[in-house]
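Chemist: Take a look at the letters that make up each chain.
Protein chains: 2
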Amino acid sequence: MQLLKDRILKHGKNLGGGILKVDGFINHQVDPVLMFEAGKEFAERFKDVGATKILTAEISGIAPAVATGYHLNLPVVYARKHKPITMPDQVFLTLAPSHTKGRTVELIVSPEYLAGGERVLIIDDFLASGATILGLVRLAQTAGAVIVGIGALVEKVFEGGRAKLTPLGVQVESLAAIASMEGEEIVFS
Amino acid sequence: MQLLKDRILKHGKNLGGGILKVDGFINHQVDPVLMFEAGKEFAERFKDVGATKILTAEISGIAPAVATGYHLNLPVVYARKHKPITMPDQVFLTLAPSHTKGRTVELIVSPEYLAGGERVLIIDDFLASGATILGLVRLAQTAGAVIVGIGALVEKVFEGGRAKLTPLGVQVESLAAIASMEGEEIVFS
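Residue numbers (the numbering used here), protein chains in the order written: chain A, 3 to 191; chain D, 3 to 191.
In short, the hints are calculated from the structure, not lab data. Being a predicted model, the structure only gives us computed values, none of them experimental. Warning: the hint list may mix true and false statements.
Copies of the same chain look alike in the list, so a pair counts if it fits in one copy or across any two.
[Said to hold, decoys possible] Within a straight-line C-alpha distance of at most 30 Å, the following computed BS3-like cross-link-like pairs (lysine-lysine) qualify:
1) Lys85 <-> Lys7
2) Lys103 <-> Lys49
3) Lys49 <-> Lys85
4) Lys15 <-> Lys49
5) Lys12 <-> Lys85
6) Lys15 <-> Lys166
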C-alpha cells in the first residue's frame, strides 16, 4: 500500500536494533484517515475468506482492526492484557513474549465473544517475530474458532514471523513489508 | 444518540455497584459501525470548536476517538499507560485514579505529539467520576495546549464527573447519559 509506505519513509524512524518508530501515525498518535484507508485495503484483500469476526490485540491493533471491521461490517474483539472486572472468571488466556516490552504479556479473551465455529480474521499493527499473532491464533483455536486470514499494517520481513504462520495455510497480508533496516535506512521488499 | 442508548439497553449489563458492562460493543468486542456513527455524531457536535487534535486514553477511548478524528480529519493522540521504548525520556506524565481498576494509573504523552497552542478535543468511552478525563486535561494544559471540548460515549451522571469539568468552561457532550443504575435497571437522563 503506497500510502503507508510513503508515510513510513516520511515520518517513520529507524531507531536501530530492528526497532521502527511509527509513533506519529500508528502507535501513539494515530492518523484516522490512513487507518481508514488501510482498513479498506484489508477489507478488499480479505473479502472472500468468509470471516465472521476480527481479532486483534490491544493496544495498537485496535485502530486498524476497527477500520477493517467497519469496511467488512464485522465485530472486532481485542484481546486484553489485563483482565477487567467486567470479564467473567473463566477466560481464554495465553502468554506471548513481547519483543518491544522485553517481557511476556498475557492475552485474554472472554468466551462470550469468541465462540466455536467463528471464522476469525486477525488484524494487527506489526508482523515481526509473529509471537503476538501466534498468541491470538492459539486463543482462537482454543475457543474452537478457525483462522481464515492474517493481516498486518507493517511486516518486518527480516524477523521471520511469516514463516511461522505458513503451517496455518491461510492468506497472510501486510501493507508495507520491510526487507531490511540497516543503519538508518528503511528498505521495503 | 438513540442508536447507542438502544444498544446499551439491549446488550449492556448493570453489574451492580455502578458498573456498566458494555464489553459486547465498546470495551472488549467493538462494533465498528456503531463507533463510526458515534464519531460522526461527535464530529457534528464539535464542528465549531476549532479543534486541531483529539486526545484520548488507551485502551477503550481509541475506537471512538479514531472514528471522531476520521470525521473531523484530525490526528488522534492516545495517552499511554506504560512508556514504550520508542518514546523519548522526557514526557508529560500524570496520575489518574482508575475506578474500575481500583488503583492509580499513569497517563503518558510524548511532547512530540502534544505541543503548545494545540486546540484539544478530548474523546473517551466513559465520563464517570471524571478522573481520567481530568488527567487528560492536565496533560494537555502542561503541554501548553487549550481544551476546546470534551466528549464521552457514555456518561454516568450519578458519579458527578461533569461538575468537575464545568470550571473549564468548555462544551461537554455525552451520547448516552445514565441517570441511575438501581438494581438491574439502566435509566437514561
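Chemist: Would you mind marking each hint as holding or not holding in the structure?
Modeler: We went through each hint and held it up to the structure:
Taking the shortest Cα distances, Lys85 and Lys7 sit within 30 Å of each other only across copies (26 Å), while inside one copy they are farther apart (35 Å). With identical chains, the CA atoms of Lys103 and Lys49 are never at most 30 Å apart, being 33 Å at best within one copy and 38 Å at best between copies. Proximity of Lys49 and Lys85 under a CA criterion of 30 Å is satisfied in neither setting, with 32 Å inside one chain copy and 36 Å between copies. Taking the shortest alpha-carbon separations for Lys15 and Lys49, neither the intra-copy value of 32 Å nor the inter-copy value of 33 Å comes in at or below 30 Å.
When the C-alpha separation of Lys12 and Lys85 is checked against a cutoff of 30 Å, the pair qualifies only between copies, where the shortest distance is 24 Å, while the shortest distance within a copy is 37 Å. Taking CA atoms no more than 30 Å apart as the test, Lys15 paired with Lys166 passes inside one copy only; the shortest distance there is 27 Å, against 40 Å between copies.
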